[in-house]
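These protein sequence lines map, in sequence, to chains A and B. Using the numbering used here, the first residue of the first sequence is number 29, and each one after it goes up by one. Using the numbering used here, the first residue of the second sequence is number 9, and each one after it goes up by one.
Hints were generated in silico from the structure; no laboratory data involved. Each hint should be verified, as a subset may be incorrect.
What the hints assert, rightly or not - Listed below are several chain B residues computed to face chain A (Cβ distance under 7 angstroms; list not exhaustive): (1) 38; (2) 76; (3) 77; (4) 78; (5) 88; (6) 89; (7) 91; (8) 104; (9) 145; (10) 149; (11) 150; (12) 153; (13) 154; (14) 155.
In this text the structure is predicted, and so the values were computed from the model without any measurement. For every residue, glycine included, the Cβ atom is placed at its ideal position computed from N, Cα and C.
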Amino acid sequence: MRPLKICISLCVGLLLFTSISCSTKQELIVLVSEDDGTIGVLAVDDGEKQVVLDQHLSAAGIDSRGRAQKTEVSKQELEETFALALSAQPDPPTAFRLKFKSDSTQLSPESEGVLVLLFAEVDKRGGICEVEITGHTDRFGPLEYNDTLSLKRAEAIKKMLIQRGLKSTFVRAVGRGEREPLVETEDGVREPDNRRVEILIR
Amino acid sequence: MKHPVALFLTICFLVLSAAAGPAVSAEIGQIKNLSNSVHILRNNKKIPAVAGELLHRSDTVLTGENSKVGITFIDNSRFSLGADSQVELSRFKFNPTTQEGQFLTTVKKGTLVVVSGKIAKFSPDAMKVRTRTSMISVRGTKFMVKVTDSD
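Please model the entire structure based on the sequences and the hints provided.
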């Protein structure tokens, strides 16, 4: 009888061990809040069901059978598991705004000062950055016309920056038209504050 | 061209193409920082990565032992990878004028930290991350994914 009991115990032990290994997380997905507290939403679909994550540290673990389940992760566990990736996070972009003298393509006096700061930022990043120049218009004129106009303004600024010795090799001009006003107005209203170029150093 | 009609049509075509909107350029992002062994797999070639390198859609980013890399994208998404990772930028489309886009990332193995950008804000299904077994729809914003290597 004894060898049989031993055999059974071993079998049970093996089964338990296997089931524990099978439930080890093969994949882990964790939602976290950003530095400013913003929190988003993730929907994790394993092919059969969806697990929704919408709180700081809410997580889904996926087992070796491909099933997703809500799970818990501590801040410490997270920091250990993702230590290298967390230490390589790129900085958020820096933004600069250029304005024009009314009804002209000449920069306003304050904008010259902004340019100095912009060049300093590019230098600080050793030229390893993307410079995205976005033109904006007010709501005076048709949508398509403003798309073209804002792009032309952005391209003019891009040309000027390059002429002035901009070090970055990744420079893009974008036209946003009237889609992102600083000051909300009715359609067809002239608003000089909306006529501007926003530059992101990414 | 001999025929004025052909010339006229060619000019029309060129003007219309120019007016069609911003050209879709190949560069979708840039490597901002990296440490140790980081490579880009592009068109079946393995290229050692450097800071400042531009990334294209379909690129795969590979990190080796004790290596890491930080990447920004033209829609403001930010990625960072830890060691022994393989992440493919499977699909990326972004119209900077309308901010419409689509972004599919495949995490084959390793660790990835993401802060989503404008594409994820555009619509709930616009940004997705695929792992070996799951599909994650990203409505925003910061999250982490770990995929254990099979074997």
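Structure-based check of all given hints:
Because the closest C-beta pair between residue 38/B and chain A is about 5 angstroms apart, less than 7 angstroms, the hint holds. Restraint check, residue 76/B versus chain A: the minimum CB separation of about 4 angstroms is within 7 angstroms; hint holds. A hinted interface residue such as residue 77/B counts as satisfied when its beta carbon comes closer than 7 angstroms to some beta carbon of chain A; here the least separation is about 6 angstroms, so the hint holds. Annotation: residue 78/B was flagged as interfacial toward chain A, and the flag holds, the nearest CB pair being 4 angstroms apart, inside 7 angstroms.
Look at residue 88/B: its Cβ gets to within about 4 angstroms of chain A, closer than 7 angstroms, so that hint holds up. At a threshold of 7 angstroms, the smallest CB-CB gap from residue 89/B to chain A is about 6 angstroms, leaving the interface hint in force. Satisfaction of the interface hint for residue 91/B is found here, the shortest Cβ-Cβ separation to chain A being roughly 5 angstroms, below the 7 angstroms cut-off. Against a cut-off of 7 angstroms between C-beta atoms, the interface hint on residue 104/B holds, since the closest Cβ of chain A lies about 4 angstroms away.
For the restraint placing residue 145/B at the interface with chain A, the shortest Cβ-Cβ distance is roughly 4 angstroms, inside the 7 angstroms limit, so the hint holds. Proximity of residue 149/B to chain A holds as hinted, the smallest CB-CB distance being about 4 angstroms (cut-off 7 angstroms). Nearest Cβ of chain A to the Cβ of residue 150/B: about 5 angstroms, under the 7 angstroms cut. The hint holds. Interface hint at residue 153/B: satisfied, since its Cβ lies 5 angstroms from the closest Cβ of chain A, which is below the 7 angstroms cut-off.
This hint holds: residue 154/B has a C-beta 4 angstroms from the nearest C-beta of chain A, less than the 7 angstroms allowed. With 7 angstroms as the threshold, the beta carbon of residue 155/B comes within range of chain A, its nearest partner Cβ sitting at about 5 angstroms, so the hint holds.
Violated hints are absent here; each numbered hint is respected by the structure.
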